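> Add chain B to chain A, keeping to what the hints say.
The primary structure of each chain is shown beneath.
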Amino acid sequence: MSVQSVVESLKGKFSASVLEVAEFRGETTVVVKKEDIVAICAYLKKEVGFNFLTDLCGVDYLGKSPRFMVVYHLYNIKTHERLRLKVPVEEKFPQVDTVSGVWATANWHERECWDLMGISFNHHPDLRRILMPEDWQGHPLRKDYPVQGPGREPYQGRLS
Amino acid sequence: MATTETMTINMGPQHPSTHGVLRLVLELDGEVVVKAVPHIGFLHRGIEKLSEHRTYHQVLPLTDRLDYLAPMHNNLAYVLAVEKLLGITDLIPERAQVVRVMLAELTRLKSHLVWLACHALDIGAMTVFIYCFRERERIMDIYEKVSGARMTSNYFRVGGLSADLPAGLEKEIRTFAEEMPRHIDTYEGLLTGNKIWQKRVQGVGRISAEDAIDLGVSGPSLRGSGVNWDLRRDNPYSGYENYDFEVSVQDGGDTWARYLVRLKEMRESCKIVRQALDRLKPGPILADAPKIVLPPKKDVVNTIEGLIHHFKIISEGFKPEAGEIYQSVENPKGEVGFYIVSDGSARPYRMKIRPASFINLQALPKMCEGSLIADVVAVIGTLDIVLGEIDR
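Keeping their order, the protein sequence lines are chains A and B. Counting with the numbering used here, you get residues 1 to 160 for the letters of the first sequence. Counting with the numbering used here, you get residues 1001 to 1392 for the letters of the second sequence.
It is worth saying that the hints were derived from the structure and are not from the lab. Since the structure is predicted, the reported quantities are computational estimates derived from the model, not experimental observations.
Going by beta-carbon spacing under 10 Å, a handful of chain A positions derived as facing chain B: (1) F52; (2) G58; (3) V59; (4) H80; (5) R84; (6) A104; (7) T105; (8) H109; (9) E112; (10) D115; (11) R129; (12) I130.
For each residue, glycine too, the CB sits at the ideal point set by N, CA and C.
For reference, chain A alone in the conformation it holds in the complex (with noise of 0.2 Å):
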């Protein structure tokens, strides 16, 4: 099944939950609501074949709403096609359920979301910190987290 056509089913199958497809460089990206995201990606793997999960992370997009994303890369072995799913998450609940059931691949990858982006997991069966020390205050990769480290003025960068 080519990229086209899946993104099709999945307006088919899951219409009231793909909101938007973009198309950039050659790359598929699918943002869907993220109460169908376990649905989705367990259609995508068994009936699809995206059995690889290549990565999973946070963007976080301060200022705006929804404030985060959670990005899904998959990859099918077999057809060697790539998919980009997003799932918009709020920042007053930064909570997503778990795909770890569909690829335990994604056990470590949403330990270091949670630790670095602080979007938790719902179910997720062993959400800890992976990266920082766990008496850590915060999550660094937020955008309103100092490069510096807490407590300290935000940097400037070298200004040109």
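Relative to chain A, chain B alone:
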């Protein structure tokens, strides 16, 4: 009947068989590992956060610090990602592409040599360690000649290369690529038929293809489980589709299979280096994209336009249009990718690195639970992890 209880021990934080700081909490029943929990994060440098505060050119020196045993591959992945974001992938000149492939394959050899050396040493073979480092030294010399650094190379640029190859280097690389297969024969002669080696690696750290895919394992660790997938062939970049090489795959999914996969891969790398040398023709090394690549040095020192142009690119950088891309390459450890979100400014809005070692390490508990504690060292060695890439 005597009752027994399990014992929890710490392996690490610093263990000779890891490249960096890794702590494993092992729960043991006698000598059998019941549970293994990796603890990482000791080296976390926040490279992704730092990148958001630098221009695209300034991010480049951070990327080779990720996997310091295969720096050029990480440079390559980043450079290709930025080129894709800018939409100048088709403008890269032929010579730059060929040199990139050649150095990437030398890097693969270099990385696999350290893997073989340390893996063999962990299991008790001293001679192979010394031999591998002897050959690695010659690749380091090549590195030094092209980039000025032995470890943290900074040679690839967005749009091409920083400079042309120094005179006479092609001959040196050819001699090396022609001699290398004989050295690989020596390593194989020392290990493959060796009964001690076979007993220590055969059947150790077994993982099935389904489990490996489910856990996101990539690279030689995945091909050792019989999955015929290589990004160089299946999602080609830098003109890899023009080279003739075989993807090495082994069934078995144990440490022995992964050892055979990597040895074959080293031979294939020599083959690709020789093909690249045959293809190498004189020509430009930078893309014709004056807003992105630096002007030639002689224009910078002789003309005011060149100087201004150089200054503008260095101080302001370039501004890709808003959008997001993901580009990955086949690193010696597996798939290394960069996901870059651009908001139209001169700095990446968000850069996420998809590290191969981080995700391969996740498979370690699965591979060593149920086996002996002595096998844990063999499993760490066979995954070929570099903690700099895990912690970023």
